[in-house]
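Line by line, the protein sequences are chains A and B.
Take 1321 as the starting number for the first sequence in this note's numbering and just add one per residue.
Take 18 as the starting number for the second sequence in this note's numbering and just add one per residue.
Hints in this document: simulated from the structure, not taken from any laboratory.
Keep in mind it's a predicted model, so treat the numbers as computed, not measured.
Every residue, glycine too, gets a C-beta built ideally from N, C-alpha and C.
Everything hinted at is true.
List time: in silico DSSO-like cross-link candidates among lysine-lysine, alpha-carbon distance up to 30 Å: (1) Lys50(B) - Lys1369(A); (2) Lys1573(A) - Lys1699(A); (3) Lys1646(A) - Lys1706(A); (4) Lys1390(A) - Lys124(B); (5) Lys1766(A) - Lys1783(A); (6) Lys150(B) - Lys1393(A); (7) Lys1411(A) - Lys87(B).
Where chain A lies over chain B, by a calculated footprint (3+ residues, C-beta under 8 Å): (8) 39-51; (9) 179-193.
FRET-style restraints, in silico, Cβ to Cβ: (10) Asp194(B) - Glu1414(A): 40 to 46 Å; (11) Tyr36(B) - Leu1458(A): 52 to 58 Å; (12) Ile64(B) - Glu1362(A): 47 to 53 Å.
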Amino acid sequence: MRSETGYSLSTKIIFYVLFVALVVLVSMFFVFEHIGKKTLYEVEKEKAKLVAKMFAPQIGINLYLGFEDKVNKAIEQIMTEKDILAVYLVKDGEVLKKVKRSQKAAASPIETFEIRMPVYEPGGSRQIAVLKLNYSSLHYKEMVEKMTQLLLIFFSIATLLFIALAYQIRQRLMPLKKVAGALADYDAKGDLMLECESEDREIKLIINAVEEMHENVSAYMELQENMKQILSQKVEEKTAQLWQQLHTDQLTKLPNRRALMEDLSKQSEALLAIVNIDDFTEINDLYGHRAGDIILKNFADTIMELDANMVYRISGDEFVLVKKGKFHSEEARAFLKEVRSKIEKTHFYYEENRVDIRVTIGATIEESPMIEQADMALKEARKQRKPIMIFSSEWNLETRYRENIYWIRQIKSALSQKRIVPYAQPLYDLGAKRIKGYEILVRLIKENGEVVSPYKFLQLAQKSYLYHYMTMQMVEESCAFFQDRKDLTFSINLSVEDILNPETVSHIKEKIIHYGVAHRVIFELLESENIEIYPEVESFVREMKDLGCQIAIDDFGTGYSNFSYLIKLKVDYIKIDGSLIRNIHNDKNAQVIVEAINDFAKKLGIRTVAEFVSNEMIYDKVCELGIDVAQGYYIEEPMQLEKI
Amino acid sequence: MRYIAILLIFLQSLWGYAYNELLLDAQSRIYPKLLMLEENISSRHEISPIVFTVVYAPEDEFVAERVVQKIESYYDHSFSGIPFEVEMSAFDELELSRHKDAIYILKGDDDQMKRTIKLAMKEKIPVFVYDFKDLRFGALFALTIEQSTVIYLNRAALHKTGLLFAPSLYGIVRFVDAE
Chain A
1321 MRSETGYSLS TKIIFYVLFV ALVVLVSMFF VFEHIGKKTL YEVEKEKAKL
1371 VAKMFAPQIG INLYLGFEDK VNKAIEQIMT EKDILAVYLV KDGEVLKKVK
1421 RSQKAAASPI ETFEIRMPVY EPGGSRQIAV LKLNYSSLHY KEMVEKMTQL
1471 LLIFFSIATL LFIALAYQIR QRLMPLKKVA GALADYDAKG DLMLECESED
1521 REIKLIINAV EEMHENVSAY MELQENMKQI LSQKVEEKTA QLWQQLHTDQ
1571 LTKLPNRRAL MEDLSKQSEA LLAIVNIDDF TEINDLYGHR AGDIILKNFA
1621 DTIMELDANM VYRISGDEFV LVKKGKFHSE EARAFLKEVR SKIEKTHFYY
1671 EENRVDIRVT IGATIEESPM IEQADMALKE ARKQRKPIMI FSSEWNLETR
1721 YRENIYWIRQ IKSALSQKRI VPYAQPLYDL GAKRIKGYEI LVRLIKENGE
1771 VVSPYKFLQL AQKSYLYHYM TMQMVEESCA FFQDRKDLTF SINLSVEDIL
1821 NPETVSHIKE KIIHYGVAHR VIFELLESEN IEIYPEVESF VREMKDLGCQ
1871 IAIDDFGTGY SNFSYLIKLK VDYIKIDGSL IRNIHNDKNA QVIVEAINDF
1921 AKKLGIRTVA EFVSNEMIYD KVCELGIDVA QGYYIEEPMQ LEKI
Chain B
18 MRYIAILLIF LQSLWGYAYN ELLLDAQSRI YPKLLMLEEN ISSRHEISPI
68 VFTVVYAPED EFVAERVVQK IESYYDHSFS GIPFEVEMSA FDELELSRHK
118 DAIYILKGDD DQMKRTIKLA MKEKIPVFVY DFKDLRFGAL FALTIEQSTV
168 IYLNRAALHK TGLLFAPSLY GIVRFVDAE
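One chain only, chain B, in its complex shape (with noise of 0.2 Å):
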């Protein structure tokens, strides 16, 4: 069995995306900060949590498992004193109704990432992804390490949902125009 699983995480890496580790956990810290400085996210969650859900594609279910652990890590269910709960969920399984919050995407193939997406900017869903190119779909924001980290926002997307944040980011983000 043992062997088996070690197969299986192997065969997983053989076919699975590749992550680099330094961006996840990059990400993994700030996104839920930035999701934070959305402007009415503390009136609408004072009793109930603001449910922050990693969506990843099947063959990623690891890797997202690593992503919640880690956020839960730096967050202990809470964030500024306000509950705080990181779920994560398969494309396909994806409930908007539930995981209203905020979703942030790992990779995926480009039809799921821009249905999803498309569905999660309708319901005014700020959407962090992995992958900058993932701004393209109309993700909200993106997360690079490049000389040094660079945060990018969709001003289109922004737009869209409507979303306003703290002054002070617009300040420090790249913002790009991507539909």
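Isolated chain A, as found in the complex (with noise of 0.2 Å):
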């Protein structure tokens, strides 16, 4: 509720009106002071004038006759005017009459005021003398205090009326003073006490208006009561209803994560399981969804009557055992085997067909993090291909996990500070005995200026999304190096995932059509990404080589080497593995594998390159076999690019 603040509405009109009243008598005051005075003051003056105006033409012909005895009789008929003090008549300079009254022309000359009138000979206008009347202001003066007094008298009354106004006002608005001070404490669940009578209709009007207010507002304030309960009911089975659906998987009805979450807060010592359904996603395929749901209910139910304290879904096809207490290692992995027994001893059925289900389970008789720990036992379970796994404090996994994070840090610090760098390899022309280009490894740049081999983190950054940026950096840098080193070509490594990332192909075009470099850039695709079941790679392949590009296929010879998309995706270059050619000058097998591989090549129309040659025996075989191009550390080491 506001405080009461300012002024009441009784003493605001009483301060306007006295406002208006001080205005009015203020102006009045002014008006009198500063016209009512003069005005008088004008009038005395025009009266003295009027005296003198009427008496120079009998004083003006008199002296023209030279009448002495009758202007001296003019200038007494004119001394018979109380107010006039003196008259003077000057003839060129020369006072010829002075007449004084004795009494009251002693009195201060601020009394007084001069009046000059010139006397003119009768008929022309020709100044013959000057009239001079000191007039006296006493009536003037006696006026001035006659309109003060009266004016002291009006402002009197003025007062007087103002007063009994204000009174008047304030007795007027009392009852809604009494009103206001009854709404003060109002409760609209009380009886509401207006003992204020007023004979004023509008008073009377506002109290009965409150009054009905009053019990309008009780019987809302009823309703608004009985509404809110309802709602408040309402409410809570809400919020229960929703309670519930947070915290229960809606499938088959079991908590959820985030009830199991909750729970193992309140947890301390318990076995923790996730088992995990063997190859759900194939149940899903054969028969759909609708039979991996339901399989999924009776799998529940199935669980559920296992020997746990309580039973969890958190996934899609995993669920969690709690059993509590403290466990040891094989009374765990004893109670697990059963669970496991039961599980894959129980037939589930969708319709006529028998779906029988396999588990894997990871889990954790350690103190917090549970679900962490127990996940972690499951992933090392598919890992090693072994049906239960419970967690141990010595795998040192989390040792792993944090340099994973190390390393993916690493990485995303050296994108962001351009430590992602391109290195050169030379590609040696045997025929032409010659460099004919370079193959760009990139290499991580550490703080301290170390630098870091793919091996430790290009792995990582597959998985971690970095790889693509890594990639467009590459090829943003290898295009601009070698955009003015126009007798070089340059292979960029790129794998599947780049190949299927529209926005990284996109980036590749885009920049080798800006850096005009498409006729002498060689793109390396892995033979061990199996490349040939992608569309997407033989649309870019084409779409590379409608631009000038040519192709390469890396590490040929690990993989399945199917010949055919050699032929279909028209590549320019084989580079043989690494792994036969590494011991290629005493490896007979090797030698004739390599042997049939370029000999199928030059029959294509196909250029080899032997990576790995790493001595002088190594190069010299290569040569003998026919190899088009070699590349290792024989011929030159990764470089810089600046040192090419």
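Work from the hints to combine the two standalone chains into their complex.
In structure tokens, the structure reads:
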């Protein structure tokens, strides 16, 4: 409720009236002071002028005719006017006549004012004298005093009227103040006591309106109270329902991951096992999602019958069993074996089809974080293809994870600071006996300047979706570097992920066009990545070849070596896998394979590249076998672009 | 001869009219001034002089001469910058065509007085008389010295002549109605 601030309405009205009254009175005072007094003064002056004007012609003609006695008479007549204190008739600077009233003329000069009236010759305009009158201001002062008295009486009456008016206003508005007082502690549920009486119609109307409003508000409040209770009840029901939904898996009606997290926060010692249904996607794919849902429901029913305290479904095909108590590893393993055995002995049906389920279980008996530990155990079980794994702190999984996190941070930092840099290793043309180009190899430069080989970070980069940023950076920098080295080719390694990423492909196209290097760039694709199964790869190769680029298949001889796609993709180079070249000088089998690959490539018009040429014997052998290009430490090791 | 002259003067004074010297003096001073209050006088006499003629009975020639001398001493051939001449003429010799501006008639017999004033008024010539009683013949102005100086203005003569004077004059004169 707002606190009472400012002045009351009655006070304000009184202030306004006082203000208006003051303005009026002050205006009147000033009007009187500045206009009234001046007017009175002017009236007195005019009176004096009138006397002078009246007698001046008479004096003029008598003066003209030389009737001094008549002049004197006229002056005497002037002096009969009681306010005239002295008369002077001055001719040519000489006072001809001078009459003074004895008793009043002695008064202060401030109390008189002087009127000068020229006396003209009769019928002419020639001034023959000046009539000077000393006029008493006594009458003027009396008038001013009278006016001042009247004004004071008026002010006094106005003040009395104002006080009466103020009293009346306050009295008339008093009921409103009482209403406001009653409303200040207004409680819609209580009774409204308005003990005020007024004869004024407007005040009565306000009081009636307030009473009526109180009745309406009370009724409305009662209604609101009822509605509030109903709503509160509904909200409670809905909250419980939402809480239930939030903590329950809608398909199996088991508690979900959120419920598990909350329960674990209260749990100290327990066995927690994540039970993952193996190859559940295959069930979905084979029988459809509806079948998958039915089997999941049945699976939930089965798992609930096991000897566990709590069962949760935490994701599509993952369930969690929690068994309270302190367990040894062997006890836990025995329990989990029993669980697995029971599940795998249970037959699940969808319509007429029997679906056998196998599970992998990752568990922990360690303290928090239990879910993460059980998850690590599950991953390890999958990795080692074991049905049950119980987390052990001796695995050092955490160390591995920390390393991964460290390298991912390194990669991100290097990317943002442009410390992922291209190195280049020469490709030596064995026929022309000269370096024909370079293969671009990625390196990470640590903040301390240490150069890191891609084996340490490339795989992690691929997993963390940072790989395509690295590729874009390599493409940009190598294209920029080789744009002015028009006698050299340069090879850029691309993974299937790069080609499947439209953003990366668009970036590659834009850069090779921008730098005008399309006819000198060779894209190396890894044979081991099953590139032949992706239509996007074929499309990319066609597009690049249309631009003038060349295609090389890297590590050829390690995969299935499906030769048909070499023709399909119109490959320009085959880079024979290093494992075949590394011992070629003393491994007959390797020699045979390389020779076969080389012959086949030659027949298709594809040039061959031997990697890992690390010594002279290997170099001689690849020369002998007719390989076109050699690459390896024997030729030169990878170097910074600036050193080319 | 001298004795004869003294005798003549004596006889003159013996048979001539009696004049109040003070009144003559006042009239000599004021009559020209009254004439100058006529509204059109100055416009009629920018170049030609105003001729103020003193008319007398033959036996009053010496009086007339004195009057002329008095007026001339007061106004010295010029009045407020306008040329001013004083002449004298006996009743019989008066030529109104020449003495047309104003005539100042001293004493005379009633017939002479009456005839002269009648002719002058006919010519709209303002007539000043020495004797107040002569206003009855239709003269325009007379002046007496009573308790104070009084100027009489004949209202009938004023209407007859149609002359206009400075309005302030009307405030100080005493009007009489005499045909």
